[in-house]
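First to last, the protein sequences are chains X and B. Going by our numbering, the letters in the first sequence line up with residues 31 to 405, in that order. Going by our numbering, the letters in the second sequence line up with residues 378 to 723, in that order.
Treat the hints with care, since some could be wrong.
To be verified - Pair by pair, the computed Cβ-Cβ distance ranges are:
#1 X/P336 / B/K446: 44 to 50 Å
#2 X/V282 / B/A624: 41 to 47 Å
#3 B/K446 / X/V282: 33 to 39 Å
#4 X/R266 / B/E693: 40 to 46 Å
Stated by the list, open to error - Straight line, CA to CA, 25 Å or less: simulated SDA-like cross-link-like pairs of lysine to any residue:
#5 X/K344 / X/H393
#6 B/K633 / X/D35
#7 B/K522 / X/D143
As the list claims (entries may be wrong) - Some chain B residues flagged as far from chain X (calculated, every beta-carbon gap over 10 Å):
#8 I392
#9 G452
#10 S507
#11 A624
These are computed hints drawn from the structure, not numbers from a lab. Note that CB positions come from ideal geometry on N, CA and C, so glycine has one too.
Residues per chain are reported as follows:
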Amino acid sequence: MKFVDEFRAPELIAKAGEEIRKLADSDRHYRIMEVCGGHTHAIYRFGLKDLLPANVELIHGPGCPVCVLPMGRIDDGLSLAAQPEFIFAAFGDMMRVPGTHGSPLEYKARGMDVRIVYSPADALKLARNNPEKHVMFFAIGFETTAPSTALTLVRAKAEGLNNFSVFCNHVTIIPAIRAILDSPDMRLDGFVGPGHVSTVIGCRPYDWIAKAEGKPVVVSGFEPLDILQSIVMLLRQLRRGEAKVENQYTRVVPWEGNRAALRVMAEVFELRPYFEWRGLGFISQSALKIRESYGTWDAEQRFTVPGIRVTDPKAAQCGEVLKGVLKPTQCKLFGRECTPEQPVGALMVSSEGSCAAYYNYEHRKPITIANAATR
Amino acid sequence: MATTVTKIKFREPQIEMSHGAGGKASRRLVEGLFAPLLFGSSPGPLGDAAHVQINGTKIAMTTDSFVVKPLRFPGGSIGELAINGTVNDLAVSGARAEAIVVTFVLEAGLPTEILEAEVRAMADAAEKASVKIAGGDTKVVEHGKADGMYVTTTGIGRLLSGVEISPQSVRPGDKVLLSGPIGDHGITILLARGDLDLEADLRSDTRSVFPLVQALVRECGAGVRWMRDPTRGGVATSLNELARDCALGIVLFEEKIPVRDSVRGACELLGLDPMHIANEGQFLAVISSQHAESALRALRATPGGEEAILIGEVHEQPDSAVLVTTPYGGSRLVDMLVGDPLPRIC
Chain X
31 MKFVDEFRAP
41 ELIAKAGEEI
51 RKLADSDRHY
61 RIMEVCGGHT
71 HAIYRFGLKD
81 LLPANVELIH
91 GPGCPVCVLP
101 MGRIDDGLSL
111 AAQPEFIFAA
121 FGDMMRVPGT
131 HGSPLEYKAR
141 GMDVRIVYSP
151 ADALKLARNN
161 PEKHVMFFAI
171 GFETTAPSTA
181 LTLVRAKAEG
191 LNNFSVFCNH
201 VTIIPAIRAI
211 LDSPDMRLDG
221 FVGPGHVSTV
231 IGCRPYDWIA
241 KAEGKPVVVS
251 GFEPLDILQS
261 IVMLLRQLRR
271 GEAKVENQYT
281 RVVPWEGNRA
291 ALRVMAEVFE
301 LRPYFEWRGL
311 GFISQSALKI
321 RESYGTWDAE
331 QRFTVPGIRV
341 TDPKAAQCGE
351 VLKGVLKPTQ
361 CKLFGRECTP
371 EQPVGALMVS
381 SEGSCAAYYN
391 YEHRKPITIA
401 NAATR
Chain B
378 MATTVTKIKF
388 REPQIEMSHG
398 AGGKASRRLV
408 EGLFAPLLFG
418 SSPGPLGDAA
428 HVQINGTKIA
438 MTTDSFVVKP
448 LRFPGGSIGE
458 LAINGTVNDL
468 AVSGARAEAI
478 VVTFVLEAGL
488 PTEILEAEVR
498 AMADAAEKAS
508 VKIAGGDTKV
518 VEHGKADGMY
528 VTTTGIGRLL
538 SGVEISPQSV
548 RPGDKVLLSG
558 PIGDHGITIL
568 LARGDLDLEA
578 DLRSDTRSVF
588 PLVQALVREC
598 GAGVRWMRDP
608 TRGGVATSLN
618 ELARDCALGI
628 VLFEEKIPVR
638 DSVRGACELL
648 GLDPMHIANE
658 GQFLAVISSQ
668 HAESALRALR
678 ATPGGEEAIL
688 IGEVHEQPDS
698 AVLVTTPYGG
708 SRLVDMLVGD
718 PLPRIC
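The shape of chain X in the complex, shown without the other chains (with noise of 0.2 Å):
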């Protein structure tokens, strides 16, 4: 395939491997966390773990959205879609999160006209198509989906469809950075940043983390060969001693951002005062929420919301091992009570989440075969 396979080169990716390899100070250990859960899914399930060495430690941050969204969050939007006539529409992974009651998916088989849709615009579709019926569309995700959302939302002011809203639970991904660095249980090296999120908002949002924290960021692409890139760039700037920002992503990601994403943005959303996220708490100014001129297709504003507040399972440390301080092993319930089937917390139910990919790629993994396949 164009533009993946040149990124998945065995023998570039066994220099680069061989390069960090080179670059790691044997005497030193690295804790560099990979900001966001695509990164996370693709060290897994790329295997890329067992080319790097064990003094550098890979720690799996906050940026996956379906696992950072509160339980109680996902209880509000199921029950305003209990109101007849309505048609709930999210993500495919939205689909088996568990709320109290239920995931998206059980309260399908029970009756409620959920539908996976792969787009906003998907959603907006369907309220065109069933004038007779309410779409509300379940919105989640950081800067990377938030343009879209904002785009369909102009889109359904312009053509006045009304039987249309969104249940917005757009978050940004700065004010989660700023919580893990703020954390006094954290200690890390640098960080290999969003590349998704970084073509909307460009590479300047992180500079504070360089000049401030003195930790490097290197903007990643999700292709083996860049998240190792990227690895070897962090790896450079930490043996010169530097902190800075780097772009490894170029092909994707503008220094500057994506100004028409950015500006739609702005037009459709403000910050919210403070949002709640699972594991992290509340974090002030770190969620979008929909403004009052497009409050018509606001489902918190056209809506009485019930604002449920739900408390993770106090066995479940969702919380440590989302801001890095535990491996999911080290969940009491990971494996046994907390399984991708039957997930207690977010990070077993979204493939982004670390919990999911250590479960489904890594937990049973016998090193010996890992090292010494046959070809």
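Once you have looked at the hints, place chain B on chain X.
Positioned in the frame of chain X, the structure of chain B alone reads:
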């Protein structure tokens, strides 16, 4: 009268779509509810067809229902699937399909034209597979209670001589063969639904795999240890079931697993693993290592088997799991399908 207490292990409060997806949830339903109540507590490994003995003759028997949406798609239709699906379940059990009976569940309002086209497709597929359609039944339900039509086919077959396949005969060192590229059927159906604005030049792979199975069995006899057609749940689910049933590890070489570019592209976009996508015209076989090369030659010499390939081997480790080695020297586990990314694929 002696009473037996049958233990039901299936504790889920209601049936979800995933219970029909052929993955973990399906297995829980079969092993936790159907098997204990219908076959006694220990069903043993669950194959694609049952073996029954009548007056000393061993017969393979299987049944399969088809609820695919849409009814027609590039490369096939529900009628064709209904015949090939049952022929294939018998084939990978080492049997040649002899006769099939058909049940139609039709929805009031279904245009005759559509029904006729499907019946014709069944007749054609049966003729191609040289299997007799011996009887059938028809039920009609109210409009809106079924998507046009559902079809159930039940087939019996005669076991090929010299073949003794079971997960228990699989040994470390055995090789895993695959008849051709994977994922075509599942992705074709997904695209045919038109919910996604994606287009690709892709056709379902639905076909009878019996000629390939026959060539393999002729060449290798008892060297054929195990076979399965990886339908719902895909290659990953079939091989995980094998790994569990034989308590060994299956190690696959990722770069050897054939996936067409259009299937790979769609999977990349949608975050699916081609190894979880359904096939309707491919099969997996575990062959003893000394027979592996001649098996490949025999498959490739049979029309439709040109793309057959060795994709992995059986190891002691990982215990009861499937490991994929990447071309970069890394590896990952591949689990059974969890949930149901693509409902009603067959």
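Task: Pair hint outcome, B/K633 versus X/D35 [Cα-Cα no greater than 25 Å] - done: holds (15 Å)
Task: Assessment of proposed distance window 40 to 46 Å (beta carbons of X/R266, B/E693) - done: For B/E693 against X/R266, whose Cβ atoms are near 42 Å apart, the range 40 to 46 Å holds.
Open item on the list: For B/I392, is the shortest CB-to-CB distance to chain X above 10 Å, so the non-interface label stands?
Closed with: violated (7 Å)
Task: Given as non-interface: B/A624, which should sit over 10 Å from chain X by C-beta - done: For B/A624, whose nearest Cβ neighbour in chain X is about 13 Å away, the distance exceeds 10 Å, so it holds.
Task: Reported absence of B/S507 from the contact zone with chain X (all CB gaps over 10 Å) - done: holds (39 Å)
TODO: Given the range 33 to 39 Å, decide if the beta-carbon distance of B/K446 to X/V282 lies inside it.
DONE: The hinted range 33 to 39 Å holds for B/K446 and X/V282, with Cβ atoms some 36 Å apart.
- [ ] Below or equal to 25 Å on CA atoms is what counts here, so check B/K522 against X/D143.
- [x] holds (16 Å)
TODO: Using the Cβ atoms, figure out if X/P336 sits within 44 to 50 Å of B/K446.
DONE: The hint (44 to 50 Å, Cβ to Cβ) is violated, given that X/P336 and B/K446 are roughly 35 Å apart.
TODO: Given the hint that X/K344 pairs with X/H393, test it: the Cα-Cα distance must not exceed 25 Å.
DONE: Status holds; Cα separation ~23 Å.
TODO: Evaluate the given range 41 to 47 Å for the C-beta pair formed by X/V282 and B/A624.
DONE: Distance hint for X/V282, B/A624 holds at roughly 45 Å.
Task: Exclusion check [B/G452 not at the chain X interface, CB over 10 Å] - done: Given that every Cβ of chain X is farther than 10 Å from that of B/G452, nearest at about 22 Å, it holds.
Comparing the model with each earlier hint shows violations of hints 1 and 8; every other hint is respected.
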